[in-house]
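Enquirer: If you want the building blocks of each chain, they are given just below.
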Amino acid sequence: MTKSITLKALADLIQGTIVQGDPETVITGLNSLSESLPGDVSFLGNAKYAAQVAKTQAAAVIIAPDFTERPERIAFIAVPNPTLAFSAVISYFGHEKKSRPPGIHPSAVVSVSAKLNAEKVHVGPLAFIDDDAEIGDGCIIHAGACIGPGVKLGLNCIIHSNAVIKDYCQLGERVVVHSGTVIGSDGFGYEFVQGRHVKIDQVGIVEIGDDVEIGSCTTIDRARFGKTIIGTGSKIDNLVQIAHNVVIGPHCVIVAQVGISGSTKLGSYVVMGGQAGSAGHLNIGDQVTVLGRSGVTKDLPGPGHYTGFPARPLHEGRKLLAAPGLVPGLQTKLKALEARLAELEKRLPG
Amino acid sequence: MTKSITLKALADLIQGTIVQGDPETVITGLNSLSESLPGDVSFLGNAKYAAQVAKTQAAAVIIAPDFTERPERIAFIAVPNPTLAFSAVISYFGHEKKSRPPGIHPSAVVSVSAKLNAEKVHVGPLAFIDDDAEIGDGCIIHAGACIGPGVKLGLNCIIHSNAVIKDYCQLGERVVVHSGTVIGSDGFGYEFVQGRHVKIDQVGIVEIGDDVEIGSCTTIDRARFGKTIIGTGSKIDNLVQIAHNVVIGPHCVIVAQVGISGSTKLGSYVVMGGQAGSAGHLNIGDQVTVLGRSGVTKDLPGPGHYTGFPARPLHEGRKLLAAPGLVPGLQTKLKALEARLAELEKRLPG
Amino acid sequence: MTKSITLKALADLIQGTIVQGDPETVITGLNSLSESLPGDVSFLGNAKYAAQVAKTQAAAVIIAPDFTERPERIAFIAVPNPTLAFSAVISYFGHEKKSRPPGIHPSAVVSVSAKLNAEKVHVGPLAFIDDDAEIGDGCIIHAGACIGPGVKLGLNCIIHSNAVIKDYCQLGERVVVHSGTVIGSDGFGYEFVQGRHVKIDQVGIVEIGDDVEIGSCTTIDRARFGKTIIGTGSKIDNLVQIAHNVVIGPHCVIVAQVGISGSTKLGSYVVMGGQAGSAGHLNIGDQVTVLGRSGVTKDLPGPGHYTGFPARPLHEGRKLLAAPGLVPGLQTKLKALEARLAELEKRLPG
Numbered sequence: 003m004t005k006s007i008t009l010k011a012l013a014d015l016i017q018g019t020i021v022q023g024d025p026e027t028v029i030t031g032l033n034s035l036s037e038s039l040p041g042d043v044s045f046l047g048n049a050k051y052a053a054q055v056a057k058t059q060a061a062a063v064i065i066a067p068d069f070t071e072r073p074e075r076i077a078f079i080a081v082p083n084p085t086l087a088f089s090a091v092i093s094y095f096g097h098e099k100k101s102r103p104p105g106i107h108p109s110a111v112v113s114v115s116a117k118l119n120a121e122k123v124h125v126g127p128l129a130f131i132d133d134d135a136e137i138g139d140g141c142i143i144h145a146g147a148c149i150g151p152g153v154k155l156g157l158n159c160i161i162h163s164n165a166v167i168k169d170y171c172q173l174g175e176r177v178v179v180h181s182g183t184v185i186g187s188d189g190f191g192y193e194f195v196q197g198r199h200v201k202i203d204q205v206g207i208v209e210i211g212d213d214v215e216i217g218s219c220t221t222i223d224r225a226r227f228g229k230t231i232i233g234t235g236s237k238i239d240n241l242v243q244i245a246h247n248v249v250i251g252p253h254c255v256i257v258a259q260v261g262i263s264g265s266t267k268l269g270s271y272v273v274m275g276g277q278a279g280s281a282g283h284l285n286i287g288d289q290v291t292v293l294g295r296s297g298v299t300k301d302l303p304g305p306g307h308y309t310g311f312p313a314r315p316l317h318e319g320r321k322l323l324a325a326p327g328l329v330p331g332l333q334t335k336l337k338a339l340e341a342r343l344a345e346l347e348k349r350l351p352g
Numbered sequence: 003m004t005k006s007i008t009l010k011a012l013a014d015l016i017q018g019t020i021v022q023g024d025p026e027t028v029i030t031g032l033n034s035l036s037e038s039l040p041g042d043v044s045f046l047g048n049a050k051y052a053a054q055v056a057k058t059q060a061a062a063v064i065i066a067p068d069f070t071e072r073p074e075r076i077a078f079i080a081v082p083n084p085t086l087a088f089s090a091v092i093s094y095f096g097h098e099k100k101s102r103p104p105g106i107h108p109s110a111v112v113s114v115s116a117k118l119n120a121e122k123v124h125v126g127p128l129a130f131i132d133d134d135a136e137i138g139d140g141c142i143i144h145a146g147a148c149i150g151p152g153v154k155l156g157l158n159c160i161i162h163s164n165a166v167i168k169d170y171c172q173l174g175e176r177v178v179v180h181s182g183t184v185i186g187s188d189g190f191g192y193e194f195v196q197g198r199h200v201k202i203d204q205v206g207i208v209e210i211g212d213d214v215e216i217g218s219c220t221t222i223d224r225a226r227f228g229k230t231i232i233g234t235g236s237k238i239d240n241l242v243q244i245a246h247n248v249v250i251g252p253h254c255v256i257v258a259q260v261g262i263s264g265s266t267k268l269g270s271y272v273v274m275g276g277q278a279g280s281a282g283h284l285n286i287g288d289q290v291t292v293l294g295r296s297g298v299t300k301d302l303p304g305p306g307h308y309t310g311f312p313a314r315p316l317h318e319g320r321k322l323l324a325a326p327g328l329v330p331g332l333q334t335k336l337k338a339l340e341a342r343l344a345e346l347e348k349r350l351p352g
Numbered sequence: 003m004t005k006s007i008t009l010k011a012l013a014d015l016i017q018g019t020i021v022q023g024d025p026e027t028v029i030t031g032l033n034s035l036s037e038s039l040p041g042d043v044s045f046l047g048n049a050k051y052a053a054q055v056a057k058t059q060a061a062a063v064i065i066a067p068d069f070t071e072r073p074e075r076i077a078f079i080a081v082p083n084p085t086l087a088f089s090a091v092i093s094y095f096g097h098e099k100k101s102r103p104p105g106i107h108p109s110a111v112v113s114v115s116a117k118l119n120a121e122k123v124h125v126g127p128l129a130f131i132d133d134d135a136e137i138g139d140g141c142i143i144h145a146g147a148c149i150g151p152g153v154k155l156g157l158n159c160i161i162h163s164n165a166v167i168k169d170y171c172q173l174g175e176r177v178v179v180h181s182g183t184v185i186g187s188d189g190f191g192y193e194f195v196q197g198r199h200v201k202i203d204q205v206g207i208v209e210i211g212d213d214v215e216i217g218s219c220t221t222i223d224r225a226r227f228g229k230t231i232i233g234t235g236s237k238i239d240n241l242v243q244i245a246h247n248v249v250i251g252p253h254c255v256i257v258a259q260v261g262i263s264g265s266t267k268l269g270s271y272v273v274m275g276g277q278a279g280s281a282g283h284l285n286i287g288d289q290v291t292v293l294g295r296s297g298v299t300k301d302l303p304g305p306g307h308y309t310g311f312p313a314r315p316l317h318e319g320r321k322l323l324a325a326p327g328l329v330p331g332l333q334t335k336l337k338a339l340e341a342r343l344a345e346l347e348k349r350l351p352g
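Protein chains in written order, with our numbering: chain Z, 3 to 352; chain V, 3 to 352; chain A, 3 to 352.
Simulated from the structure, these hints should not be mistaken for lab results.
Accuracy of the hints is not assured; some may be wrong.
Note that the list lumps identical chains together, so a pair holds whenever it fits in one copy or between two copies.
Unchecked claim - Each computed DSBU-like pair below joins lysine-lysine, with the alpha-carbon atoms no more than 30 angstroms apart:
1) Lys57 / Lys201
2) Lys57 / Lys348
3) Lys335 / Lys50
4) Lys117 / Lys100
5) Lys57 / Lys117
6) Lys321 / Lys99
7) Lys5 / Lys267
8) Lys99 / Lys50
9) Lys201 / Lys100
10) Lys50 / Lys321
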């Protein structure tokens, strides 16, 4: 059932010229140069990837006419703009994004007090928009999503299926929230009173800047007071935990399964690698990169790279990660020294 | 668009007296003493936090009339009960919790065999309550939540949007389940038969005690047989994994992204820090605290603190976490010894 | 409210014979031999577990008539086929699985262009099936699940409540997807252009083989181009992150909270223990087992066991995990050597 196309048909599709290779070559998929498998077509859209052409497993590569380093085993189609042409290939093999035209599906539930222009917003089946929510023009609310009371979405946000935005949270423009993600649940705060954990009310909100994208099944808790903040342009992956009162600065990248504890503040352009974590009430400076699986236990000044648990500057952290590997050698050396010392002691008796 | 209020208007709002500071000071938010930023108002509700007043960045602090250690840079409003007064501030800046009056939304689907009193239970839009489920009076089932067949919810539970409680699970009274959380999915159990993983039926349930709170996107699997148990008063954060047949004792605190493997038993008042994990079939004793990112690999007697991977008693575990940092020093010392020994050997030739 | 039954009534229920123990013994639950608690009934279905009978805490055990090693403290009921008999006990104590007969619930939303046979498929309340989706006969789509446009489900799949399958993803036969799981969200890919992270379109799909089971709140991202692949017979636990373009081979086992970064390829029969992770663009060979909490940073040839961070072959990895524990001993030895050396130097002055 996989789609396929001959090189000739592909060249016709993108109005290109076969400059090398058998027109009857069958193309069965597409990928980047580095990830192509036999049967795939790829493209060279940027001169800096030219060296990858020699190494690609792709059966065919779409190039600009002036690209001449063509390995014999690969077929080439020349077009004026390979990147543009590749979009047509994507449309053929992949799937065009399903369009979501404006309108409110009859099965959706939209509060009468919600503010939205039904001619400029898409609300999918079985979605729910609660009282006083404000939905900016151009927003797409997918099936099953729940938009809480008083929530504000800026222009052109996309809330995917079954995502939840809780009461009064505020999103900027062009924010994308993927499926299953929960924004604005209560922070995890209790006071220990007479043998019991008594809930501390969490009355703040989550405020998300423009152009933020948040992956699937990620949780961002509302502040105890005030705001949990995700800065403009920041990108958050799947299954990330952002605790109450955390501040993520602008243009940060938070990779999957990272956890950031309460009230920790990240500057701008911070990168946290996958499965990393941070303790609470810390400051992580501008342009800090924390490598994957590292654990931050104190303030990290930026810019700089950090690794390990506890996270230390890259050079030092790498040494520490390597240190256990040096122990056996130390043991051996110590044993040799001991033998030499015993020998000396024998020859120089008390 | 952020709300603001003058000190004077704020004092009026809470019926307090400005005892220090300019009545025209503009207040733009609120927070705890330790987390306040310039422009915030905070409060001193408990004498034990008195020392934080000197260090707070808050522009104004609400105090009892007898509190006299007032730094000049801060404005102060005196009221008889600062904690109570602060609730009014929260209402002004924050948002009062949306009330969820009893009643079944017409878009909700409630099985005819479900047992609930529609005049005492709130069932939100597009929620689903399956056959034979029993919903205690005072429960709030938010939009999109799914309550499986035969599930029992005690009095005054809150099930947030798009949470799922699967077949026959039992919750006590005042249990809160946040959005996206799944209680009672199948445990992860397979037998390896002739090159394939064959599913072992998971026929038990999850049983949750009174006053338990469970965060967002957390997963608690049903038992293979019998019950996975969450004890009374325990609090579980976001993105936590509780495997089949785990027993969490009463009044435990399980922080975000912890994973507890099958059949492990926690006593009472156990704390597991963020991103910690435990292997299966272990016993973690009463009042054990496992620090964040630690990995439990064998039984831990309580009470006591443990850290590291494998988790060891705090003192020992900290030493082990520090040990790699000692290796370079050992190398240096060893080199020095080697040189001194060589010198001796030279002077005492064979 | 817990069910209970006397030994006598239990014997009647399973048409067995009490061969030892008081018929009035009250049985209050059931479990495996190793996990039974006092009051439970268990069974010996396989001779290889015979030794567990001596150690079980069960009050009663169902056995075949020829099993004679019966500790006095335990009651025994003999039946021809204990495994079969135990199913009746499960039905009594546990709950039979709720049947989900074919039919489309009136509250479900099914696109007119979706292909399914309403007499052979169960679509639960408030579920949504989008345009051009193809649902194989025998499928069960639980309440609140969202099946995206162009999705294909093979025969007899089960999609649990509030799970989401995004656009054009393809599932084989007998695939089970548990609640809250999201299949086919966008991969986490951005290009850094002039100070901003610009989204790279993710136009591929997720392709899942036959007999795959996927736990709750797990995220499997669609490929940038081409396919993210989950091989036939593989089993994935809860809260697992599978990034774009990952390939999981057939019959793998991925335990809870594992994260696999983009484009990494797993062979067949790979096991990744809980909370383990892998960097991107790696190859993990056939029959590799990565122990829990390990971090894979380079290719791992199979077969073999690996542990630690970075993950190394088991023997080496265990040594490294143990190395920090050796450091204090090294320090002590070094100090002793130093003293002996100083003594020698004193006796052999320059």
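Enquirer: Give a verdict on every hint.
Expert: Hints versus structure:
no. : hint            : in the structure
1   : Lys57 / Lys201  : between (58 angstroms within a copy, 26 angstroms between copies)
2   : Lys57 / Lys348  : neither (64 angstroms within a copy, 58 angstroms between copies)
3   : Lys335 / Lys50  : neither (48 angstroms within a copy, 49 angstroms between copies)
4   : Lys117 / Lys100 : both (26 angstroms within a copy, 17 angstroms between copies)
5   : Lys57 / Lys117  : neither (55 angstroms within a copy, 42 angstroms between copies)
6   : Lys321 / Lys99  : neither (47 angstroms within a copy, 51 angstroms between copies)
7   : Lys5 / Lys267   : between (48 angstroms within a copy, 23 angstroms between copies)
8   : Lys99 / Lys50   : within (29 angstroms within a copy, 55 angstroms between copies)
9   : Lys201 / Lys100 : between (44 angstroms within a copy, 18 angstroms between copies)
10  : Lys50 / Lys321  : neither (33 angstroms within a copy, 43 angstroms between copies)
In this structure, the earlier hints numbered 2, 3, 5, 6 and 10 are contradicted, and the remaining ones agree with it.
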